[in-house]
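Peer 1: Residue numbers (the working numbering), protein chains in the order written: chain R, 98 to 327; chain W, 98 to 327; chain E, 115 to 324; chain D, 115 to 324.
Careful, some of the hints might be misleading.
Unchecked claim - Straight-line distance between alpha carbons at most 25 Å, and here's what the computed BS3-like set of lysine-lysine pairs gives:
| id | chain 1 | residue 1 | chain 2 | residue 2 |
| --- | --- | --- | --- | --- |
| 1 | W | 170 | E | 228 |
| 2 | R | 170 | D | 228 |
| 3 | R | 170 | R | 230 |
| 4 | R | 230 | W | 230 |
| 5 | E | 228 | E | 262 |
These aren't lab readings, by the way, just hints derived from the structure by calculation.
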Amino acid sequence: MRLPDKRCAIEAAIARIKDGATVMVGGFGVPGTPMTLIRALVAHGACDLTLIKNDANEPGMGIDHLLQSGQVKRLITTHLGLNSHAIGLMNSGALEVEFNAQGILAERIRAGGAGIGAILSDIGIDTELARGKQVVEMHGTPYLAEPALRADVALIHADTADPFGNLAYVATAQNFNPLMAMAAPLVIAEAERVVPLGALDPNAVHTPGVFVDHVAELTEITEDYAVVRR
Amino acid sequence: MRLPDKRCAIEAAIARIKDGATVMVGGFGVPGTPMTLIRALVAHGACDLTLIKNDANEPGMGIDHLLQSGQVKRLITTHLGLNSHAIGLMNSGALEVEFNAQGILAERIRAGGAGIGAILSDIGIDTELARGKQVVEMHGTPYLAEPALRADVALIHADTADPFGNLAYVATAQNFNPLMAMAAPLVIAEAERVVPLGALDPNAVHTPGVFVDHVAELTEITEDYAVVRR
Amino acid sequence: MVARAAREIAPGMVVNLGIGLPTKVVNHLPADFPVCLHTENGMTGIGPALTPERADRNLIDAGGAYVTPVPGSAYFDSATSFAVVRSGRLDLTMLGAFEVSQTGDLANWKIPGKFSPGAGGGIELAQKARRIAVLTTHTDRAGNPKLKQTCTLPLSASACVARIFTDLAVIDVTPTGFALVEHAAGTSIEDVTKATDAPLTIPDAPIPTF
Amino acid sequence: MVARAAREIAPGMVVNLGIGLPTKVVNHLPADFPVCLHTENGMTGIGPALTPERADRNLIDAGGAYVTPVPGSAYFDSATSFAVVRSGRLDLTMLGAFEVSQTGDLANWKIPGKFSPGAGGGIELAQKARRIAVLTTHTDRAGNPKLKQTCTLPLSASACVARIFTDLAVIDVTPTGFALVEHAAGTSIEDVTKATDAPLTIPDAPIPTF
Chain R
98 MRLPDKRCAI
108 EAAIARIKDG
118 ATVMVGGFGV
128 PGTPMTLIRA
138 LVAHGACDLT
148 LIKNDANEPG
158 MGIDHLLQSG
168 QVKRLITTHL
178 GLNSHAIGLM
188 NSGALEVEFN
198 AQGILAERIR
208 AGGAGIGAIL
218 SDIGIDTELA
228 RGKQVVEMHG
238 TPYLAEPALR
248 ADVALIHADT
258 ADPFGNLAYV
268 ATAQNFNPLM
278 AMAAPLVIAE
288 AERVVPLGAL
298 DPNAVHTPGV
308 FVDHVAELTE
318 ITEDYAVVRR
Chain W
98 MRLPDKRCAI
108 EAAIARIKDG
118 ATVMVGGFGV
128 PGTPMTLIRA
138 LVAHGACDLT
148 LIKNDANEPG
158 MGIDHLLQSG
168 QVKRLITTHL
178 GLNSHAIGLM
188 NSGALEVEFN
198 AQGILAERIR
208 AGGAGIGAIL
218 SDIGIDTELA
228 RGKQVVEMHG
238 TPYLAEPALR
248 ADVALIHADT
258 ADPFGNLAYV
268 ATAQNFNPLM
278 AMAAPLVIAE
288 AERVVPLGAL
298 DPNAVHTPGV
308 FVDHVAELTE
318 ITEDYAVVRR
Chain E
115 MVARAAREIA
125 PGMVVNLGIG
135 LPTKVVNHLP
145 ADFPVCLHTE
155 NGMTGIGPAL
165 TPERADRNLI
175 DAGGAYVTPV
185 PGSAYFDSAT
195 SFAVVRSGRL
205 DLTMLGAFEV
215 SQTGDLANWK
225 IPGKFSPGAG
235 GGIELAQKAR
245 RIAVLTTHTD
255 RAGNPKLKQT
265 CTLPLSASAC
275 VARIFTDLAV
285 IDVTPTGFAL
295 VEHAAGTSIE
305 DVTKATDAPL
315 TIPDAPIPTF
Chain D
115 MVARAAREIA
125 PGMVVNLGIG
135 LPTKVVNHLP
145 ADFPVCLHTE
155 NGMTGIGPAL
165 TPERADRNLI
175 DAGGAYVTPV
185 PGSAYFDSAT
195 SFAVVRSGRL
205 DLTMLGAFEV
215 SQTGDLANWK
225 IPGKFSPGAG
235 GGIELAQKAR
245 RIAVLTTHTD
255 RAGNPKLKQT
265 CTLPLSASAC
275 VARIFTDLAV
285 IDVTPTGFAL
295 VEHAAGTSIE
305 DVTKATDAPL
315 TIPDAPIPTF
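Turn these sequences into a full structure, and let the hints steer you where they fit.
Peer 2: So this is what it looks like as structure tokens:
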């Protein structure tokens, strides 16, 4: 037995994304944001997208390119504080935004990846974030039902990958990537390095390749990934 | 700033376990079972315990010592197939047993560690495992509410630890350990090796030390941990 | 029958082989066959089993057998392991059975009063793998048929089984019940029908043997 | 006030310092102080911040500042990061505020019509840390009190704040409302009372200054 090889050209993988798709995008700020896959999705042009991402990056960076190109209809996120352009689109009605508490967005995505229907949580139960949510009482305590989130596609940035799609992340570039890499039937990972099968310590794998469909080695770590000088 | 040192003698840590406590025990078969902590709990003698463990090990091994000594009132588990002694205690009524589907036990413990109230799942909904469980309908689909599980104490076996309690596991000794290490207010970890702060790659940590209260280096890898010759 | 079942595995699949007979399927796969074997206790990329003398004490499968990794294996916790199963990443599981009904209900974990060690991971495998195949003797030790109109034992999951491999035949579960696909060399179609406690559709076309 | 707030951190604590003023608290901790700093984007063991020239492009805190690890740091995913918060492992968080009510309600994430970037991780920190301290100017830029009888802005969490550090005073939220603990050197008790839009209990004992 040998593990299947999932290496793939980025353009071919991204070409599978259809108009109207829901797309999860890893990253918290720059670290972990799959900048090259995002650029390829801009070039591909799929539109009416729903994006699920912790934040909207900053103006002119990361998924802001997809907002600029008008490909995004809806954004499920936690915080847009560093992207005034995204806030402008939201305020003008050009972009529909659903805000989640950050850890609840993480858990909803994880629930999607874990194949469970929802989690029951009391986060935000006293706040306006509870509006419109189903309340479930358990042993006399009220909880909000937070439905699992899955996407059609997940775009992932890893530090190291192997051809089977086992992924390892570094530092705070981990964030939402391991969660999103489980929560879509089509998972596309870019990696700064693709090493031969067996070169990744099986104990150091963050995302088992069993969840990953396509893996592509970045030919260049562009300025998109660099330290931001504000 | 430096991270606190949580190294501790095993006896001192185990002495904190009270009669009637609920105790999670890592491991799936021998790998990952904290054999030395279990021996210390037998010596300590706390009784009326509720144990939460994937399996009951095999006769004369692991938590079977706690069953033999009569310290266990109740066992929440998934499968006792390799321990005829435990099945005998269950059938005679001397041991109360609650069976969970394996992945649901894992998710309930994880939910406890994640501070959420429950998960909604359809696992076993057509089977007798659904009996007595609260059914929650969401968007027209029925789910079983599977309440989070927390314990008073979690006993963990790790391969490598540092003094802050960061833990790394090897091979299939990981199993329930990282989940249980989040799901109790008192987490005691034995480790085959305790290395200095900074010697564990921060990217290779499976359980962040922030969840761990006491860490002890094993002075000996006893026969309890050896390959089983059936 | 085990060799025949092995041909059910298509290149590139993610497969979980249940305890007992199904575990032996792996011995019939070519050395370079592209497949990912998964085990519930937290591993993908299982290689051949090992004798205790050569075993790693920390490396077992869900049945407790000592196994080896292959290049590209990964280890993970029990929650992640069942995330693989429940989220649809498990293409195929092969399971043992006490009973299979003509609607695909599977009973394989409990015989009330006799055998109730707990369900382990079997419920989730039976309910959530994308395809469930059963690998079992056609009848139990007393000669009673395991393929029945309805199951009498507690179910693992309802309407889950797609195909059954036995020592006598390969049988599909179809919307109209059991249908014969192949029969064992040296076994007549009548033998199969007689050992099956439910109607068995026999296609008009010639029935291959295995 | 930042130096005073730093003294709130006891040895051995796990602490999350919110964006803005609270982040500066770290500069007032001794180099060998035993504490574990947590940040929402997935790290424990935060060391000093770095200038862009020396920064690691993959290592930021939740506010986007480039930080360093300390010996024993760990990185983890966003679900695990909030598991730390919700499961009771976060001993203390220090947060900024728009408004704090005398019952400990906190509003710090939204000003309808003016500022609504989303709650980020603030809701969970405010609701689930074992102790919530607020670090804020006593009044807003227009001179309006931030400590009020009731909050007018959308809440982050109700009845969560234990202690408030401002440029004028240290104030506890007690079952009977705000109570003065300390006041700033050069600020009179009357100044504090005047700048607070709710009754302020003044203990009989001498009030320390900071």
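Peer 1: All hints, please: hold or fail.
Peer 2: Going through the hints against the structure:
Straight-line distance between C-alpha atoms of residue 170 of chain W and residue 228 of chain E comes to about 23 Å, which keeps the hinted pair within the 25 Å bound. Using a Cα cut-off of 25 Å, the hinted pair residue 170 of chain R and residue 228 of chain D holds, with the two alpha carbons roughly 23 Å apart. Our distance criterion of 25 Å between C-alpha atoms is met by residue 170 of chain R and residue 230 of chain R, whose separation comes to about 22 Å. Of the pairs offered as hints, the one joining residue 230 of chain R and residue 230 of chain W holds, with about 22 Å between alpha carbons and a cut-off of 25 Å not exceeded.
As the CA atoms of residue 228 of chain E and residue 262 of chain E are separated by approximately 20 Å, the hinted pair is consistent with the 25 Å bound.
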